[in-house]
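Here is what each chain is made of, one letter per residue.
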Amino acid sequence: MTDRTQAPLPGPPRPYHFPHITRATLDNGLRVLVAQTHNAPLVSMRALVRSGADHDVAELAGLASLVADLLDEGAGSRDGIRLAEDIGLLGGALSTGADWDASYISVDILARYADKAVEIFSDIASRATLPEDALERVRTERLNDILQQRDEPAIIAAKRFSNLLYAPGPYSVPMGGTTDTVARISADAVRNFYGQHFIPNNTSVVVSGDIDPANAVKLVEDALGQWQRGNEPGRPKTSPRPIDSNRIYLIDRPTAVQSEIRIGHVGVPRSCEDYFPLSVMNALLGGIFNSRINLNLRERHGYTYGARSMFAYRRNAGPFVVAAPVRNEVTTESVQEVLSELRRIRTGDVEERELGDTKSYLMGVFPATVQAASDIASRLLDMELYGLPQDYFDHYRENIGAVTKEDVERVAAKYIDPERAVIVIVGNAKQVREPLGALGYPIEELDIDGNAIA
Amino acid sequence: MLNLEQYELGNGLRVILNEDHSAPLVAVNLWYHVGSKNERPGRTGFAHLFEHMLFSGSEHVGNNEHFRYVQSVGGMLNGTTSFDRTNYFETLPSNYLALGLWLESDRMGFFLPALTQEKLDIQREVVKEERRQHYDNVPYGTSFERLLNLSYDPDFSYHWPTIGSMEDLEAASLDDIREFFGTWYRPDNCTLTLVGDFAPDEAKKLVEQYFGDIAPGGTFPEFDLQRRPQGAERREVFASPVQLPRLYRLYHLPKMGAPDWIYGDLLSTVLAADKASRLDRVLVHEKQIAQDVAAYILPTEASGILMMHATARDGVSIDTVEQAIDEEIARLISGGITDDELTRARNRAEIEHAHHLENYDERADIIGMFTTFFGDPEVVNTWLEPYANATAADLTRVAAEYLVPENRATSVFVPSN
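So the sequences go chain by chain: B and W. Per this note's numbering, residue 1 is the first one in the first sequence, and the count goes up by one each step. Per this note's numbering, residue 455 is the first one in the second sequence, and the count goes up by one each step.
Think of the hints as simulated: they come from the structure by calculation, not from any bench. Certain hints may be false.
To be clear about the criterion: a stretch of chain W counts as covered by chain B if any three or more of its residues have a C-beta under 8 Å from a C-beta of chain B, and this derived list gives those stretches [unchecked claim]: (1) 577-584; (2) 709-717.
Listed below are the simulated DSBU-like cross-link pairs for lysine-lysine, each with C-alpha atoms no more than 35 Å apart in a straight line [to be verified]: (3) W:659 - B:116; (4) W:709 - W:729; (5) W:573 - B:405; (6) W:659 - W:573; (7) B:414 - B:237; (8) B:237 - B:430; (9) W:709 - W:658; (10) W:573 - B:430; (11) W:729 - W:741; (12) W:658 - W:573; (13) B:237 - B:116; (14) B:116 - W:729; (15) B:218 - W:729.
C-beta atoms are modelled at their ideal positions from N, C-alpha and C, and glycine is treated no differently.
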C-alpha cells in the first residue's frame with residue numbers, strides 16, 4: 001500500500017547554473033552580451049536603448065513610445081511592410097516598444113536565419129527612417145488607443161493612481177501620452193529623440209539561444225561597428241507628491257459590476273540596497289498566489305479572482321501598489337482587509353514557516369523562469385539596464401536565501417506605509433460611495449481624466 | 455525529434471515520458487478529457503468551477519495546501535479549462551517529482567472526502583468574480599459568449615463559454631460536484647505527461663506507486679457533437695458601452711488537425727498576423743479604416759473555429775470595415791496567394807511550434823493535447839509535415855469553401871451612447 005498520509009521527501013537537489021555570458025564592448029561603446037542555449041532552434045535578439053518614457057517632457061508625453069512604434073515602419077532601404085515581409089521570410093517575429101526606463105527592439109528568429117536577421121535588426125537600431133506619413137498613421141492609432149482606454153477600468157485606475165503619486169513629469173502622465181500631448185508631437189521631435197538616444201554608447205545588444213557566442217559577437221560587430229557614438233543622455237528625475245494621510249479617490253463608472261482598487265504610494269528604485277529583503281517581503285505579502293493578501297481576499301472571503309501587491313522597480317522609485325478587482329458590494333471590506341494586511345506585516349508578525357516557504361519558492365522557481373531563449377534575454381537586459389554585477393544571476397538564489405525574518409520586518413516597516421496611502425477606486429459610485437465613508441478617510445471624486453468633481 | 459515513451463497503467467491512465475536533462479526541472483501535466491462541452495444546459499460553467507474545486511484540497515492535502523506544497527519548493531502550477539479538456543500542471547525542481555505525483559494522484563483518487571459546502575461557496579464566489587473581471591466589467595467582454603451563442607445551436611455544447619452563466623454557477627450543488635467527479639475524473643479519462651530531468655525507470659515506478667491503485671470508472675455519458683450546417687449567415691448587432699465599433703466573426707472549420715483545419719491555420723496568418731498580412735496591410739496601413747484586425751484559429755476538438763475581429767477607427771463606420779474585409783477575402787479567392795505569403799505562414803507555424811517545445815511546461819502540455827485529441831503523442835514530431843506540404847492552391851480552396859457567409863456568424867458591437 002502506498003503511504004499517502006505524508007508528502008514524499010525530495011531526492012538530492014540537482015545543480016543548476018545560469019548560462020555562461022559572453023561579453024564584448026565595441027569601439028563605439030556598444031555592449032554585446034551573448035548566452036548560448038540548446039533548448040530549441042531559436043535565437044532571440046534584443047537591443048536595449050537605455051532611454052525610455054522617463055525622457056518625455058510633460059507637454060510631449062508619449063514621445064518615446066511613439067518613436068518605438070515608428071521603429072519598424074522603415075529602416076535602411078526597407079519600408080515597414082517590407083520589414084515585416086522579410087522578417088517573416090526568415091521565420092521571425094519583430095517587435096519594438098518602450099517603457100519608463102528604456103526602448104527595445106526584439107527579434108525572435110529561427111536559428112538558421114540568425115545572420116540575415118541581424119542585418120534587419122541593426123538597421124532598425126541605427127538606420128530607422130521614421131517616415132512622416134507613418135507618424136501620422138501611428139499617431140491616429142495612438143489617439144484611438146487612448147480613446148478605447150476610457151472603457152478599461154484597470155487602465156483608468158492605473159492612470160489615476162500614477163498621476164496622484166507623481167507631480168507632472170516621468171511616471172505621472174501615462175507612457176503613451178494623452179490626447180493633447182500626442183497631437184502635439186512633431187516629426188522633428190521624433191527625429192531628435194531617435195538621434196539623441198539611439199546611439200551605440202547608450203545601447204546594449206543581447207543575443208540568446210542556439211548560436212555560437214563568438215559568431216554572434218562578430219555578426220553584431222560587422223553590422224553595428226560603424227554606428228556613430230554620441231553624447232550619453234542624462235538621467236531624468238521624478239517628483240513624488242507628498243502624501244499626509246490616507247485619502248480615497250473615487251472615479252465613477254456607472255456600468256461597473258466590480259470596483260478596481262489600487263492602494264499604495266511611492267516605492268523604491270531598482271538600485272535599492274534592500275532589493276532582496278523587499279522581494280521576499282512582497283512575495284509573502286501579496287506577490288504570489290499563496291500570499292497573505294490573495295489568500296485573504298480570494299480564498300478566505302471570495303471577494304476577488306485575484307489580488308496582488310508589487311513594487312514597480314525602475315531607475316527612479318516606482319510605485320508600490322496593491323491591486324484588486326472586487327464586486328461592488330464588498331469594496332469597503334476589501335480596502336479594509338488590504339490595509340489591515342499592510343499594517344500586520346509591519347508589526348513583526350512573520351512566521352518562520354511562511355518565510356521559509358516564500359524563500360524556497362523564489363529560489364526554487366528561478367531555473368523554471370529562464371528556460372526559453374527569450375526569457376534568458378530578458379534577464380540579461382535587466383543586468384544591462386540596472387547595472388547589476390556580472391555574476392548577479394549566479395548568486396541570486398544565495399541572496400534570497402540570506403534574507404532573515406528581521407530583514408523582512410525591517411523593510412516592511414521602512415517601505416510600506418498604510419497610513420499615508422493613495423486609495424483609488426474605479427467603480428459604481430452610487431453603490432460604493434456611502435459604504436466607503438465608513439472607513440473615515442476623505443473621499444475625493446474625480447472624473448476619468450482626473451478632474452475634481454464639485 | 456523528441457524521444458517519447460508511452461504506456462498505459464492497468465487502470466487506463468495513459469502515461470507519456472520525455473526525458474530531458476538540460477534543466478534540473480520536471481513538468482508534471484495532466485489532461486482530463488472533459489471540458490465545457492460535457493456540460494448540460496442549466497449547468498454551464500461547471501467544468502471550470504470544478505477545476506477550481508480541485509485546488510481546494512483532497513483527503514491527504516489540506517485546503518490551500520496544494521498551492522503551498524508546490525510553491526514552497528519552488529514550483530509553478532495552475533490549471534485551465536476549455537471546451538474539450540481540463541489541464542492541471544506543475545513545474546518542479548526535478549528532485550520533487552514524487553511530490554507532484556502524490557498531489558495529483560491524491561486529487562484524482564481521493565478528492566471527495568475533503569469536499570465541503572464552504573469550499574464550494576468560496577470558489578463559486580471566486581469564479582463569479584472571474585466572470586465579472588474578464589467578461590462583464592470590460593469592453594467587448596461578452597463578445598466570445600455572444601458569438602458562440604449565435605454560432606452553435608443550444609443543443610451543441612460549444613453554444614456557451616467555459617465560464618458559464620451566473621445563474622448556473624449559482625445553482626451548482628455539492629451533489630453536482632460529486633457526480634461530475636465520478637463521471638469524468640478517473641485514470642481512464644486522463645493523460646499524464648512528464649517532461650524533464652528524471653530517470654524513466656524511476657519515474658515509472660513512482661507513477662505506478664501513486665496512480666496504480668486508483669480505480670477506473672464506468673461508461674461515459676453520450677454527447678452528440680455533430681454540428682448541423684447553418685444554412686445562412688447568422689448576424690446580430692449589439693449596443694454596449696464601448697468607444698469604437700468592433701466586428702467579430704466565427705467561421706466553422708473541420709476538426710483540429712484535419713487537412714482543411716491546417717490550411718485554415720495558414721490562411722489565418724496570410725489574412726492577419728503581422729503588418730504584411732492582407733487585412734492588416736489594406737485595412738490598417740493603406741485605407742486606415744481599422745484600428746486593429748486579427749484572424750486566428752482555436753485548438754478545438756469537436757468542431758473547428760476560425761475567428762476574426764476588427765475594430766473601426768473613430769469616425770469610420772463598421773460597415774466600411776466589413777466591406778473591406780469581404781473584398782479582401784474575395785480578392786484572395788479569385789487571385790490566389792503568393793509563394794512568399796505561403797512561406798511566411800509556414801515559417802510562423804514552425805517558430806510557434808518551436809516555442810511550444812522550448813519550455814518543459816508548454817512541451818508537456820502540447821504532448822498532452824496531441825495524445826488526448828489524436829490518441830498519439832508522436833504527433834508532436836510530425837505536426838509540421840502537413841504545414842510544409844500545403845500548397846497555395848490548398849489555401850485558396852479552403853478560403854473559397856469556408857470563408858463564405860453561410861458558414862459564419864457575425865456579431866457587431868456598436869457604442870450604446
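*asked:* Hinted pair, alpha-carbon criterion (35 Å max): residue 573 of chain W, residue 430 of chain B. Please report holds or violated.
replied: holds (32 Å)
*Assess, step by step, whether the Cα of residue 658 of chain W is no farther than 35 Å from the Cα of residue 573 of chain W, and give holds or violated.*
holds (34 Å)
*For the stretch 709-717 of chain W, do three or more residues have a beta carbon lying closer than 8 Å to a beta carbon of chain B?*
Three-residue rule not met by the stretch 709-717 of chain W, so violated; n is 0.
*Has the given pair, residue 659 of chain W with residue 573 of chain W, been kept, meaning a C-alpha gap of at most 35 Å?*
holds (34 Å)
_Given hint residue 729 of chain W paired with residue 116 of chain B - CA-CA distance at most 35 Å_ = holds (20 Å)
*Decide if the proposed pair is consistent with the structure: residue 414 of chain B and residue 237 of chain B, CA atoms, cutoff 35 Å inclusive.*
Satisfied, since the Cα-Cα distance of roughly 22 Å is no more than 35 Å.
*Measure nothing beyond the straight line between the CA atoms of residue 218 of chain B and residue 729 of chain W; if it is 35 Å or shorter, mark the hint as holding.*
holds (30 Å)
*Is the straight-line distance between the alpha-carbon of residue 237 of chain B and that of residue 430 of chain B 35 Å or less?*
violated (39 Å)
_Straight-line alpha-carbon gap residue 709 of chain W to residue 658 of chain W, limit 35 Å_ = This hinted pair holds, its Cα atoms lying about 33 Å apart.
*Quick one, are residue 659 of chain W and residue 116 of chain B close enough, alpha carbons at most 35 Å?*
Judged against 35 Å, a Cα distance of about 48 Å means the pair is violated.
*asked:* Given the hinted pair residue 729 of chain W and residue 741 of chain W, is their Cα-Cα distance within 35 Å?
replied: holds (13 Å)
_residue 709 of chain W and residue 729 of chain W were given as a pair; does the straight-line alpha-carbon distance stay at or below 35 Å?_
Holds, because 29 Å separates the two Cα atoms, which is no more than 35 Å.
The earlier numbered hints that this structure contradicts are 2, 3, 8 and 13.
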